[in-house]
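Protein chains in written order, with this note's numbering: chain A, 3 to 274; chain B, 3 to 274.
If you're looking for bench data, these hints aren't it; they were derived computationally from the structure. A portion of the hints provided could be inaccurate.
Since the list gives no way to pick one copy over another, a pair counts as held whenever it fits inside one copy or between any two copies.
Derived PhoX-like pairs (lysine-lysine); straight-line CA-CA distance at most 20 Å [said to hold, decoys possible]:
hint : residue 1 : residue 2
1    : K75       : K46
2    : K16       : K261
3    : K75       : K111
4    : K259      : K29
5    : K250      : K46
6    : K261      : K15
7    : K29       : K111
2 protein chains.
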Amino acid sequence: MTTEQLIEQIKIKKSFLAIGLDVDLSKIPPHLLDTEDPIFEFNKAIIDATHHLCVAYKPNTAFYEAYGLKGWKALEKTINYLNENYPEIFTIADAKRGDIGNTSTMYAKAFFEDLAFDSVTVAPYMGKDSVEPFLAFKDKHTIVLALTSNQGAFDFQTKLVDGKEVYKQVLETSKTWENSENLMYVVGATKAEYLTDIRKIIPESFLLVPGVGAQGGSLQEVCKYGMTQNVGLLINSSRGIIYASQGKDFAEAAAVKAKTLQQDMASILNAQ
Amino acid sequence: MTTEQLIEQIKIKKSFLAIGLDVDLSKIPPHLLDTEDPIFEFNKAIIDATHHLCVAYKPNTAFYEAYGLKGWKALEKTINYLNENYPEIFTIADAKRGDIGNTSTMYAKAFFEDLAFDSVTVAPYMGKDSVEPFLAFKDKHTIVLALTSNQGAFDFQTKLVDGKEVYKQVLETSKTWENSENLMYVVGATKAEYLTDIRKIIPESFLLVPGVGAQGGSLQEVCKYGMTQNVGLLINSSRGIIYASQGKDFAEAAAVKAKTLQQDMASILNAQ
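Assemble the whole structure, with the sequences as input and the hints as a guide.
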């Protein structure tokens, strides 16, 4: 999917919501555990109930790998279901990968070709030659961790290098990489006040913003400091939406939560 | 496996070699492609031919994920084969994972419980709460990327923060994390001259050292600057060993390459 197609979907749906499909078998409605593939059945119901309210889905690979082969199979079925039934949806493999060049190419093939995601999150610690192999894929998007939503972000990301924080070095350096137009960045909603500075470095790039909801970030703050003319934001919510109910009404309850966020987003877009 | 058991194996085998099982279907002997599971058949033959010469195997997850479900299945079969037939071998999932706390716990479960690896590599960019969930597992080892073997290591890892390189900040900060005795570190062999400084910060910790062979690092240099009383090194070689031949003799050819490295290691250990 091109960035232009993503922007078009945001305008059509008046939503820049990404829903995190982080399926924990101990948290899903118990009645699903009797089905052959509880993870996929859960995702399918959530997707069918919420696809008109969001522009992206973001399965975090950890939740699938934890269940081994059947987890990976559920991930494969989920992305195939999305690509077949809702091709207008932007798909994000939240995998936080990164390795030396030839190995990063294998990861890129795994997520862009084998699973056919539109985008993948990557960690920047290993530098240019660990990220560029992902950037080489046309109409695919590589979402680099810049400033994450967790407390540990202050351990290294905000440390000063030559008077400039490490995450700003990541933003600036990454702009010089080949095919950098395929870059997006992760910036946590819990650090909305940093967005003014971030937008000075990357005025147009899309940001994937986790941390609204369960982690305490504010949608309004993120939009105030981070929104661009083309919106430039994908706000992710996972637990706050998908675990709204543990009953048989879980998908409808998720849709209610998603609708609330979508309506807040529509108000913000209408006021622009 | 405990660190003491690993040290014991190193002394018995006079080897601190880790063999990287980075299986690329375009590089393995063509006759294996007709088998039901070429990746596993390749690994099994390599393991059977080399297990007495090394103390560890390190599959890099990228090479398995790139083949989707059948790749993940081959990874599962490989680790099960190792645990059943060669329980004295230290196993490393080279996965370079890392995420916010509850998600890192899922990754830890994937590699330590579901797949039952002894260790996993993790990226430090997201800080303390992204690594500590791995450290909570008893007799499991978390191998943090410190100074990697690739060119991109110079993009961020060697940048100065308060007069000290980022990778040194990672080493020092990680020592304060809970259960830090379960930490090991990745330091590339291509940067052997940094090992003197590194040993001042972590005098005893085991280092996983990639980059000897294909990437140009020197075994002698790494040992000169990085070896401890308990050896403290796992030297990894992947392509240099496993792709020694594309013929039917591939496993024997791999054993010859592994034997050469093991003999060099034995000489170094005997000279200690």
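Violations among the numbered hints, reported as their numbers in ascending order: Of the numbered hints given earlier, the structure breaks none, since each of them holds.
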